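Engineer: Heads up, the sequence shown is in my numbering, so the first residue is 1344 and it goes up one at a time.
Just to be clear, a hint being listed does not mean it is correct.
Listed next, with one range per pair, are the computed distances between beta-carbon atoms [as the list claims (entries may be wrong)]:
#1 G1543 - F1499: 42 to 52 Å
#2 V1673 - G1371: 44 to 54 Å
#3 Q1458 - W1578: 16 to 26 Å
#4 R1684 - I1465: 50 to 60 Å
#5 N1490 - G1375: 41 to 51 Å
#6 G1375 - I1646: 23 to 33 Å
#7 E1435 - N1373: 15 to 25 Å
#8 G1670 - L1469: 34 to 44 Å
#9 S1398 - R1684: 21 to 31 Å
#10 G1371 - P1564: 37 to 47 Å
#11 W1395 - R1684: 15 to 25 Å
#12 V1462 - V1429: 37 to 47 Å
In the DSSO-like style, the derived pairs of lysine-lysine whose C-alpha atoms are separated by at most 27 Å in a straight line are [said to hold, decoys possible]:
#13 K1690 - K1402
#14 K1690 - K1627
#15 K1401 - K1690
#16 K1402 - K1627
#17 K1401 - K1627
Derived by calculation from the structure, the hints in this document are not laboratory data. Just so it is clear, the structure is predicted and the values come from calculations on it, not from any experiment. C-beta atoms are modelled at their ideal positions from N, C-alpha and C, and glycine is treated no differently.
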Amino acid sequence: MRYVSIDLLRTVAIVMMVLVHFMENLAGSNWGVAGFGAPIFNFLVGVSYRVWLDSQEKKDIPEETIFRISLRRGLFLFVLGLAFNVFVWLPEDAFNWDVLTLIGTALLLLNFLRQIPTVISIVISLTAMVIGPFLREITDYPAYWTNGYFECDWTFSEIVMGYLSNGYFPIFPWIAYPLMGFVIASVLFEEESTEHQPTGTTALIGIIMMLVTLLAVIIGPQTPMSITKSVLRGWTMFPPSIEYVMGTLGMAIMAFSLCHRWIDRAITKEPISGLLSICTTLSKYSLSMYLFHHVVHIWPLWIYGAIYGTEPTQFWRNAMPMWPAIGLAVLCLVLGCALFRWMERTKRPGLESLMRYLCG
C-alpha cells in the first residue's frame, strides 16, 4: 500500500535536495533551508521500512525470507554508497560516509530491531543524539573539516570515526531519524483499522521537540562555555548539533503525523492524478533520482575541470553564480520527472528494480 503522505513529503525532500546540491556544488551558495531535506528523507526510510514489513506480513512471507531480503538490501545500499562516492565523486572520497551508507546501515539495524520492543529503538535514537557531540569532541571533529568539507586519512581509526561521528552523515546522530521514523510509523499504522489513530499525540510530540529546540537555541549562548562547546552548539547541520537533530526530527514527526491524518484519510480509492501522481513517481524513483541529479551536475564539473582547469575539482563550488545554478536545478527536476514518468509508463527498470532483482 502506498501512502500519499510519504510520497508528498519525500518529494519535498527531493526538491530541496536537488536545489541545495546544485547551489552548493555549482555556486558555493548555502540556502537557508538546506538542513531540512535530509532529515525528512532519512525519517521516511524508517517509515517506508515499516510499510514494507506490513506488506510482507500480510502476504504471509516467512520470517527468514524477510530477514534475508532486509539484510541483502541493507548491504546493497551500503556498497552502492561506497561505489557512488568513488565513481560519481572521486576515488579519494570513497569514505565520505554519505546518505546511502547511512540508509544501508539503518536497514541492517532495523532488520534486528523490528522484533524487539519499540522502546529499545527509542533509547538507541536518544543515545545516538547524545553521544554524537561527545564523540566529535574527543576525536577532534574540526580537524576533519579544515577546508569546509570532510576529509580523512585512509587509516582504520579515521575511517571508522568518519563512519561513526565525523563524516557527512555519520551514524551518531543520523541513525536516530530512520529509527524514529520506524517507531512513529509502527505506532500510527498499528491502529490503521481504527478511527482513533494517535496522530494528534505524535504531532504534539513533534511540536514539543521543536519548542524545546527553540528554547535551547535561545538560552544556549547564555550557558557556560563548557556546555556551548560540546552540547548546546546552536543550530548547525555540520556538525549536527543536538538542537538541529531534535528540531528537525520533531519537524519530521509533526509533518508526517499531520499529513497522515489530513491527507491519507482524505484520499479515496480513485486513481491518483495531477500533482500527486508526479509526487508518487518521484518518490517511487527516489534512489534513481538521487544518482541522476548528482551525475548530471557533478560529472560535467569534473570533465570541464580536467579539460580547462588544472585539476578536475577546480570549478567545484565556483562554476557559476547562484541563480543560474538554481535554474539548472529546476531543469534537472523537470527532466528527471519526465524521465521517470516515461520509465514508469514503459516499465523500464531503475535502481529500485535492480535492488529488488538482486535482493528480493
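Engineer: Please go over all the hints and tell whether each is borne out by the structure.
Structural biologist: Hint-by-hint comparison with the structure:
1. G1543 - F1499: 42 to 52 Å: holds, 48 Å
2. V1673 - G1371: 44 to 54 Å: Taking Cβ atoms as reference, V1673 and G1371 lie about 19 Å apart, which means the hint is violated.
3. Q1458 - W1578: 16 to 26 Å: violated, 36 Å
4. R1684 - I1465: 50 to 60 Å: violated, 39 Å
5. N1490 - G1375: 41 to 51 Å: violated, 23 Å
6. G1375 - I1646: 23 to 33 Å: holds, 31 Å
7. E1435 - N1373: 15 to 25 Å: Cβ of E1435 to Cβ of N1373: about 24 Å, so the range 15 to 25 Å holds.
8. G1670 - L1469: 34 to 44 Å: 42 Å Cβ-Cβ, so the 34 to 44 Å window holds.
9. S1398 - R1684: 21 to 31 Å: The hinted range 21 to 31 Å holds for S1398 and R1684, with Cβ atoms some 24 Å apart.
10. G1371 - P1564: 37 to 47 Å: Violated, at about 28 Å.
11. W1395 - R1684: 15 to 25 Å: With Cβ atoms ~23 Å apart, the hint holds.
12. V1462 - V1429: 37 to 47 Å: holds, 39 Å
13. K1690 - K1402: holds, 24 Å
14. K1690 - K1627: Roughly 12 Å between the alpha carbons, so the hint for K1690 and K1627 holds.
15. K1401 - K1690: holds, 25 Å
16. K1402 - K1627: holds, 21 Å
17. K1401 - K1627: Roughly 21 Å separates the two Cα atoms, so the pair holds.
Of the numbered hints given earlier, the model fails hints 2, 3, 4, 5 and 10; all others are met.
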